[in-house]
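Trainee: Sequence:
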Amino acid sequence: MLDFRRLHMLRTVAARGSIAAAAQSLALSAGAVSQQLSALRRDVGVELLRPDGRTVALTEAGRVLLEHTDRILAAVQEAESALAAVKGTVGTTVTLAALPSTVSGIVGPALTALGSDHPQLVVTCLVTDQAQLRELTLGTVDVVLGQRYHHLPDATPRGVEVSPLLDDPLLVVTAADQGDGRPVALRDLATRSLAVPPPTTDCGQAILHAFRQAGFAPTSRYITADTGAQLTLARAGLATALVPRTAIDPATPGIRTAPIEDRPIMRQLFAATRHTETANPTTTAVIAALRTAARQGLPTRLPAT
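The sequence shown lines up with residues 1 to 305 when you count with the UniProt record's numbering.
Where hints are given, some of them may not hold.
[What the hints assert, rightly or not] Label-pair restraints from in silico Cβ distances: (1) T156 / D52: 23 to 33 Å; (2) G254 / T278: 46 to 56 Å; (3) V127 / E80: 17 to 27 Å; (4) R42 / V127: 33 to 43 Å; (5) D249 / A39: 48 to 58 Å; (6) A190 / G31: 50 to 60 Å; (7) L238 / A39: 56 to 66 Å; (8) D52 / S25: 15 to 25 Å.
Keep in mind that the hints were calculated from the coordinates and are not lab data.
We put the CB at the ideal spot given by N, CA and C, even for glycine.
Kindly produce the complete structure, drawing on both the sequences and the hints.
Mentor: Laid out in structure tokens, this is it:
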């Protein structure tokens, strides 16, 4: 009989590209993963992986087994959710992956509420902007607080269920003495020195796309994905920043914010879980807390576009 834990290792190696990378994500040694994969190869009687330069790739038999593995592990997830639903209680552990820009405005209040409503639940929070949905499909995390910019096509992986939380506009941020808070036309930013995320990030791509649509190339003097650094540069009068509304504490001194009036840059924040026919009470509680925090934060935050 196939061991589904070994199947999970095979899927992880296929996704990570190497045994070493898979071992790191599974918190195991490379030798332990190799031993389990060797045992899986003996179980099926055929090679499942082959060297591919510095990485490994699936053989034809490996690809066939991986297709079935996805269905097997999905069935295990479905069984776990169904049993949790029968118990009807929130569990004791859950792992949440969240964007750095959502920690203060949404994640912090949500975790506080969860601690009050479900004191037995221990939430491990991974703050990262890298490949969260892939981690969800691999089972590394249970809930993702992610983003999608409106100009990009939906790239939700198969087997992932997305719950929209809110539309979050980027605001123009300057030093307090450099603006009046009135809406800003995007072309007005053409001559300003900007602090923006790298073009390799979703936010950076969205900003570049909006500028191109407005007919100009930005003067990006400071390139950083750290919203705290962007706000510091804006507060010092060194640059104009474009920062998501939920990433800005309205009590931050020394800055002024304004909406973009003509070509707003908007991201949708969402909560995502692995799809199951039966809702899991634990992940349902986490998403409910995130949704409440997102909605409650809006009226007291900075002006919307």
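Trainee: Could you run down the list of hints and mark each one as holding or not?
Mentor: Results for each hint:
1. T156 / D52: 23 to 33 Å: holds (28 Å)
2. G254 / T278: 46 to 56 Å: At 50 Å between Cβs, range holds.
3. V127 / E80: 17 to 27 Å: Holds, at about 26 Å.
4. R42 / V127: 33 to 43 Å: holds (40 Å)
5. D249 / A39: 48 to 58 Å: Given about 52 Å between the Cβ atoms, the range holds.
6. A190 / G31: 50 to 60 Å: With a Cβ separation near 57 Å, A190 and G31 satisfy 50 to 60 Å, so the hint holds.
7. L238 / A39: 56 to 66 Å: Taking Cβ atoms as reference, L238 and A39 lie about 58 Å apart, which means the hint holds.
8. D52 / S25: 15 to 25 Å: Cβ of D52 to Cβ of S25: about 19 Å, so the range 15 to 25 Å holds.
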